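Going by the UniProt record's numbering, the first residue of the sequence shown is number 1, and it counts up by one from there.
Just so you know, these hints were derived from the structure itself, not from any lab. Since the model is a prediction, treat every value here as computed from it, not as a measurement. A hint or two may mislead.
Ranges of calculated distance between the beta carbons of each label pair, as one might list FRET restraints [said to hold, decoys possible]:
#: 1; residue 1: Glu250; residue 2: Gln26; range: 21 to 31 angstroms
#: 2; residue 1: Asp284; residue 2: Leu351; range: 10 to 20 angstroms
#: 3; residue 1: Arg22; residue 2: Ala72; range: 19 to 29 angstroms
Note that the Cβ used here is the ideal one computed from N, Cα and C, for glycine as well.
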Amino acid sequence: MASLKEAKRLVIKIGSALLVDRKTGQLRADWVQGLAEDVAWLKGQGKDVVLVSSGSIALGRGVLGLPARDLALEQSQAAAAVGQIRLARAYEEVLAPFGITTAQVLVTLEDSADRRRYLNSRATLEQLVSLGVVPIVNENDTVATDEIRYGDNDRLAAQVAVTVGADQLILLSDVDGFYSANPQVDPSAHRYDVIDTITPEIEAMAGDGVSGLSKGGMITKLMAAKTATKAGCAMAITEGSVIRPLQALEKGANATWFTALGDPQQARKRWIASMKPKGDIMVDDGAARALATGKSLLPAGVSLVSGAFGRGDPVAILDSKGHKLGQGLARYDAAEASKIKGHRSEDIEALLGYPGRAALIHRDDMAL
Numbered sequence: 001m002a003s004l005k006e007a008k009r010l011v012i013k014i015g016s017a018l019l020v021d022r023k024t025g026q027l028r029a030d031w032v033q034g035l036a037e038d039v040a041w042l043k044g045q046g047k048d049v050v051l052v053s054s055g056s057i058a059l060g061r062g063v064l065g066l067p068a069r070d071l072a073l074e075q076s077q078a079a080a081a082v083g084q085i086r087l088a089r090a091y092e093e094v095l096a097p098f099g100i101t102t103a104q105v106l107v108t109l110e111d112s113a114d115r116r117r118y119l120n121s122r123a124t125l126e127q128l129v130s131l132g133v134v135p136i137v138n139e140n141d142t143v144a145t146d147e148i149r150y151g152d153n154d155r156l157a158a159q160v161a162v163t164v165g166a167d168q169l170i171l172l173s174d175v176d177g178f179y180s181a182n183p184q185v186d187p188s189a190h191r192y193d194v195i196d197t198i199t200p201e202i203e204a205m206a207g208d209g210v211s212g213l214s215k216g217g218m219i220t221k222l223m224a225a226k227t228a229t230k231a232g233c234a235m236a237i238t239e240g241s242v243i244r245p246l247q248a249l250e251k252g253a254n255a256t257w258f259t260a261l262g263d264p265q266q267a268r269k270r271w272i273a274s275m276k277p278k279g280d281i282m283v284d285d286g287a288a289r290a291l292a293t294g295k296s297l298l299p300a301g302v303s304l305v306s307g308a309f310g311r312g313d314p315v316a317i318l319d320s321k322g323h324k325l326g327q328g329l330a331r332y333d334a335a336e337a338s339k340i341k342g343h344r345s346e347d348i349e350a351l352l353g354y355p356g357r358a359a360l361i362h363r364d365d366m367a368l
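Required output: the full structure, derived from the provided sequences and hints.
Next up, the structure:
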């Protein structure tokens, strides 16, 4: 069974029912304080932490006095606009005393479906985490319509875990794991401690959610587990209402762990290697040697660019004799790559007219 001690980078998903008191519509201040103590505890161990937090609509609903029933789209968007600022401020206020800086990152499904947006989101999150910041990620409900929504933060959390290369995803929920049936209606239902493979039989056991505040049910959690584990990220479902839920999990609280298939970096490399390249980048001998030692590909080492590719598209990396070394995701489109090939990174702004990224293909986006 996995342990938080093993994690280097965690994504923690927080459900609305944990954050917001169902009767009053107010933030559960004592619970949020306990979560902050858990985040500080994890950060003190040198771990990266990203929070995917529900709660903006639930908070905004209470402030605006909207009914407890399902809201119309424009009502949900208005509630989210009011709730988002309160949610972000709450996290900032409880984490600041621990010396932890927070950042609000709002995304929609389009941000992962569109490759350019995905790369922008990934670069932003990576930079924030590298600076020691704890990003607070939520779906941008103020602008999202049904066509561009994740629809639940379980799947959003799994996508964020994939995006940042997390090795563990923790779903803090109103249930303490994955059961063979709904334990509220079937007293014979049993909880799984570990699930190594999500079989059709496991999928058939998933039921609907029971929370009045959250939209995600067990089906969405299973979908999240599929996404996360395939990308090399282990996932846990645990009941999160206790004041220090992450510490409780580490001390043996009930949970179901879904086993990761490999590690995040290997999974990403396999994904990149499986893509069909849309162009070729030929490198000189010096660059080929640098790539073999795990370096990124800088424009100075590129001798030829061919094909019609956009930023984020897969391209083949060829040596000076035309032999394929591997492939990677380009950080520039074909026209930009052609302009900066053979030049030093510090010359990019002068050549393109705007500041660019130092590497044409980053080592994390490369499979050799």
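Against the structure, the hints:
1. Glu250 x Gln26: 21 to 31 angstroms: With a Cβ separation near 29 angstroms, Glu250 and Gln26 satisfy 21 to 31 angstroms, so the hint holds.
2. Asp284 x Leu351: 10 to 20 angstroms: Given about 19 angstroms between the Cβ atoms, the range holds.
3. Arg22 x Ala72: 19 to 29 angstroms: holds, 21 angstroms
In this structure, every one of the numbered hints holds.
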